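K.L.:
These are the residues of each chain, in order.
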Amino acid sequence: MSLLSFCEWLQETDVGTAIREGALLYPIIGGIHLLAIALFGGMVLASDIRMLGWGMRHESVTDLISGLRVWKWIGGVVVVVTGLLLAWCEPIKMYHSKSFWIKMTLLVLVGLHALIFRRSVYRNTEALDQAPSMPMIARIAAGLSLLLWAGLVFSGRLIAFDS
Amino acid sequence: MTVPEFMQWLSTSPVANAMNGPEWAFPMVESLHFIGFAFLIGTIAIVDFRMLGLAMRRQPVAQIASDLAPWTRIGLAMMLITGPMMFSADAVTYSVNPSFRLKMIFLAIAILYNFTLHRMAVRSEKPGAVGMLAAVVSLLLWTSVLGAGRMIAFV
Chain A
40 MSLLSFCEWL QETDVGTAIR EGALLYPIIG GIHLLAIALF GGMVLASDIR
90 MLGWGMRHES VTDLISGLRV WKWIGGVVVV VTGLLLAWCE PIKMYHSKSF
140 WIKMTLLVLV GLHALIFRRS VYRNTEALDQ APSMPMIARI AAGLSLLLWA
190 GLVFSGRLIA FDS
Chain B
3 MTVPEFMQWL STSPVANAMN GPEWAFPMVE SLHFIGFAFL IGTIAIVDFR
53 MLGLAMRRQP VAQIASDLAP WTRIGLAMML ITGPMMFSAD AVTYSVNPSF
103 RLKMIFLAIA ILYNFTLHRM AVRSEKPGAV GMLAAVVSLL LWTSVLGAGR
153 MIAFV
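Those sequence lines, one after another, are chains A and B.
FYI, the numbering for the first sequence is 40 to 202, going by the working numbering.
FYI, the numbering for the second sequence is 3 to 157, going by the working numbering.
Derived from the structure by calculation, the hints contain no laboratory data.
Quick caveat, the model's predicted, so the values are computed rather than measured.
The beta carbon of each residue, even a glycine, is placed where N, CA and C say it ideally should be.
Hints may contain errors.
[To be verified] In silico contact screen, one side only, chain B against chain A (beta carbon under 7 Å); selected entries:
#, residue
1, Pro-29
2, Val-31
3, Ile-37
4, Gly-44
5, Gln-65
6, Arg-121
7, Ser-146
8, Leu-148
9, Val-157
[Stated by the list, open to error] Covered, in the sense of this in silico footprint (three residues per stretch, anywhere, with C-beta under 8 Å from a C-beta of chain A), are these stretches of chain B:
#, stretch
10, 3-13
11, 56-64
[Claimed, not checked] Capping the alpha-carbon separation at 20 Å, the derived lysine to aspartate or glutamate pairs in EDC-like fashion look like this:
#, chain 1, residue 1, chain 2, residue 2
12, A, Lys-137, A, Glu-47
13, A, Lys-137, B, Glu-25
14, A, Lys-132, B, Glu-25
15, A, Lys-132, A, Asp-53
16, A, Lys-132, A, Asp-201
17, A, Lys-132, A, Glu-60
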């Protein structure tokens, strides 16, 4: 089975049809997707700002990273699940959309980013807080996080405009 | 100049022409609008989660709020620039769109609330139960702004 024929099959499944043809389902799922980006994307931004030394100086990196970790995870799951549902109702369009594939590539990079910086940054916040100045590795992690984050928003928004 | 005349003029203004020019213009501005609301609503939500006792409990509410305030303002500024830019692109249609009108009402209330009652709760010595109520109202208001905004494209 080719990827395209899988997309064709997926589009005709009951779930795909329900989201596509139900008048309110699509905007509601889209709204939850956006809300999760706002609530939890903002938390990612706050942590990045702190590690880049742009602000939040009264909060320790530890408090920001571990104090918000649960919510970032919950938010991430909500964004991914609602995003999958949105893609589910028009997989053929996604298959042909350049922006969709760019976004998927960026998502893979987000996963890699989390893995690569896990030990040195995200599970090492107490050492970061004790360092006299923010270590370069944490700045790099935060800068890349910001770029990936913005890239996901742009590529996601562009999917709707790909023809 | 009447309101409909103003909308007509706006939708042929240089900004509107730029927005309706290259096909990437609108999605680019819209993406900036999304990034703006992540700053605006995201930073407010962190304060609200804190007042609800759900995050960052080791820091005082007022401290978190004052450190986040510049980023909230940056978010608000982004929204107030990109929003009218998108509006101008199709001003006549948007101005009579019921979701758009609802969004503007929610937005006015949310902004007013954020800089008055919400601010008082955030700055109080021990926000406690009042703070929790203030946080819930805040989250509901911003969710309403976002929800009504999402519906503009569907009504």
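K.L.:
Please go over all the hints and tell whether each is borne out by the structure.
P.N.:
Results for each hint:
| no. | hint | in the structure |
| --- | --- | --- |
| 1 | Pro-29 | holds, 5 Å |
| 2 | Val-31 | violated, 10 Å |
| 3 | Ile-37 | holds, 6 Å |
| 4 | Gly-44 | holds, 1 Å |
| 5 | Gln-65 | holds, 5 Å |
| 6 | Arg-121 | violated, 18 Å |
| 7 | Ser-146 | violated, 11 Å |
| 8 | Leu-148 | holds, 6 Å |
| 9 | Val-157 | violated, 9 Å |
| 10 | 3-13 | violated (count 0) |
| 11 | 56-64 | holds (count 6) |
| 12 | A:Lys-137 <-> A:Glu-47 | holds, 18 Å |
| 13 | A:Lys-137 <-> B:Glu-25 | holds, 15 Å |
| 14 | A:Lys-132 <-> B:Glu-25 | holds, 18 Å |
| 15 | A:Lys-132 <-> A:Asp-53 | holds, 17 Å |
| 16 | A:Lys-132 <-> A:Asp-201 | holds, 9 Å |
| 17 | A:Lys-132 <-> A:Glu-60 | holds, 15 Å |
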